[in-house]
Amino acid sequence: MLKIIFLLLLSGGIPVAMAMAGSALLYIWWTGTLPPYVVIHRMISGIDSFPLLAVPFFILAGNLMNNAGITNRIYNYALALVGWMKGGLGHVNVLGSVIF
Numbered sequence: 000m001l002k003i004i005f006l007l008l009l010s011g012g013i014p015v016a017m018a019m020a021g022s023a024l025l026y027i028w029w030t031g032t033l034p035p036y037v038v039i040h041r042m043i044s045g046i047d048s049f050p051l052l053a054v055p056f057f058i059l060a061g062n063l064m065n066n067a068g069i070t071n072r073i074y075n076y077a078l079a080l081v082g083w084m085k086g087g088l089g090h091v092n093v094l095g096s097v098i099f
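Mind the numbering: the sequence shown is residues 0 to 99 in numbering that gives the first Met the number 0, read in order.
One should not assume that every hint holds.
[Unchecked claim] Computed Cβ-Cβ distance ranges for the label pairs, DEER-style:
no. : residue 1 : residue 2 : range
1   : V93       : L33       : 21 to 29 Å
2   : N75       : M0        : 57 to 65 Å
3   : M0        : S44       : 24 to 32 Å
4   : L1        : W83       : 37 to 45 Å
5   : P50       : Y74       : 22 to 30 Å
6   : D47       : V15       : 16 to 24 Å
7   : I27       : V93       : 43 to 51 Å
8   : H40       : K85       : 40 to 48 Å
No lab work stands behind these hints: they were computed from the structure. Note that the Cβ used here is the ideal one computed from N, Cα and C, for glycine as well.
Please take these sequences and the hints and turn them into a complete structure.
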């Protein structure tokens with residue numbers, strides 16, 4: 000039943016995430032296994048975590064560093080330190096990530 004609802008929503012042109020959520024909500028509503036407020040509460044509490052907040056700020060910090068030119072300086076510094084070693088590009092990449 001759940002697969003049929005999911006495939007119908009996908010064939011209707013609904014995005015995958017919305018089709019997954021919609022098919023799950025419709026299945027729970029039809030079977031009556033959980034009250035709707037419990038489902039919504041569990042969905043919200045699943046994405047309400049402090050570590051997930053770090054992802055957009057990490058991307059923002061990377062964009063700010065890239066626009067300011069700091070990333071090129073970090074790369075050149077790491078290249079000067081370990082670029083001469085065998086496999087230097089990999090070492091430079093790891094060291095640049097450590098510095099960031």
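Hints and how they fare:
1. V93 to L33: 21 to 29 Å: Violated: the Cβ-Cβ distance is about 47 Å, outside 21 to 29 Å.
2. N75 to M0: 57 to 65 Å: 59 Å, holds
3. M0 to S44: 24 to 32 Å: 26 Å, holds
4. L1 to W83: 37 to 45 Å: Between L1 and W83, where Cβ atoms are some 58 Å apart, the hint is violated.
5. P50 to Y74: 22 to 30 Å: Given about 28 Å between the Cβ atoms, the range holds.
6. D47 to V15: 16 to 24 Å: 22 Å, holds
7. I27 to V93: 43 to 51 Å: Between I27 and V93, where Cβ atoms are some 46 Å apart, the hint holds.
8. H40 to K85: 40 to 48 Å: 55 Å, violated
The structure fails to meet hints 1, 4, 8 from the earlier list, while all remaining hints are met.
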